[in-house]
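Here the protein sequences line up with chains A and B, keeping their order. Quick note: the first sequence uses the numbering used here, first residue 1, plus one each step. Quick note: the second sequence uses the numbering used here, first residue 1, plus one each step.
Certain hints may be false.
Beta-carbon label-pair distances, calculated as ranges [said to hold, decoys possible]:
1) Asp-38(B) - Asp-38(A): 45 to 53 Å
2) Asp-104(A) - Glu-99(B): 37 to 45 Å
3) Asp-38(A) - Tyr-101(B): 22 to 30 Å
4) Gly-95(A) - Leu-64(B): 14 to 22 Å
5) Pro-129(A) - Tyr-101(B): 26 to 34 Å
6) Asp-39(A) - Gln-91(B): 39 to 47 Å
7) Phe-35(A) - Leu-64(B): 40 to 48 Å
8) Lys-26(B) - Glu-31(A): 33 to 41 Å
Calculated directly from the structure, the hints in this document are not laboratory data. Note that CB positions come from ideal geometry on N, CA and C, so glycine has one too.
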Amino acid sequence: MKQTTFFAPELVIDNGITDVNFYEKAFGAVELRRFSNDDGTIHVSELEIGGALFHLHEVTSNYSSCPLKLAGTTVIIGLFVDDVDAVITSALEAGATLRSPAQDYFYGYRQGQIVDPHGHRWQIQKRIPETEQTDENA
Amino acid sequence: MKTHKAAFLPTLSVRRAAEAVEFYKKAFGAEVLFCLSDPDGGVVAQLSIDGVEFLVADESSEHLNFSPETLGGSTIRIGLVVGDPDAVAKQAVAAGAIEIYPVADQDYGYRLGRIKDPFGHHWEICRKL
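Could you build the full structure based on these sequences and the hints that come with them?
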């Protein structure tokens with residue numbers, strides 16, 4: 001059965017952004033549709049990463065702003081993927097900065113964290129199959 | 001590049017995370033999967049709304065996790081796609097959320113409304129038309 005409840009986060013980005021190259025290169029995101037301003041900059045971009053839908057919205061109101069303007073983030077986007085290390089490598093190649101390298105945690109996750117060029121923080125992660133867990137982190 | 005199957009697990013930074021957990025239980029019928037407290041009273045909890053999981057954590061400037069109250073706004077709105085956005089938004093408002101705009105059919109193909117929770121996070125409650 002198709003899941004009817006799911007998150008589709010809306011990442012606020014600065015005004016004047018024209019491309020979604022980072023998300024395409026880093027995560028293999030596919031842009032589904034875009035609403036542009038008259039000057040070609042992004043108003044809203046709808047994307048998906050391996051079936052997970054998300055949106056980029058330019059700054060339009062006092063309620064929300066982008067991480068670069070607010071100098072911080074209020075949400076960390078956890079993203080479950082099959083291969084944490086490969087996704088972090090491609091994110092760094094695409095222009096992200098590394099916040100914490102991929103490592104196994106005792107609670108059974110492999111996780112690493114990157115900051116994207118728009119200031120959003122992504123925690124790239126997978127659950128480690130029990131058969132692969134060592135005694136130390138089981 | 002190879003595409004992978006992916007899913008989101010957002011972490012919402014708040015002040016008063018213990019209260020926030022109670023709010024999300026009432027507002028969205030969230031279940032608490034775990035709730036950890038540190039000796040300073042900081043709380044991290046993993047919740048599930050209809051099987052969709054997220055984390056709520058007390059803000060920590062040391063870790064650069066800021067609540068919307070501290071930053072004066074939020075950097076990510078939580079789009080929550082549900083079967084019945086009208087009912088979900090109504091329940092959230094009854095639990096203490098503020099309606100930013102009511103659930104209505106939008107020209108971009110969603111039935112969608114926006115609420116602000118008492119901790120400053122904005123939720124867009126929607127379904128595709």
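*Checking against the hints above, which ones are violated?*
Hint check: 5 and 7 fail, others pass.
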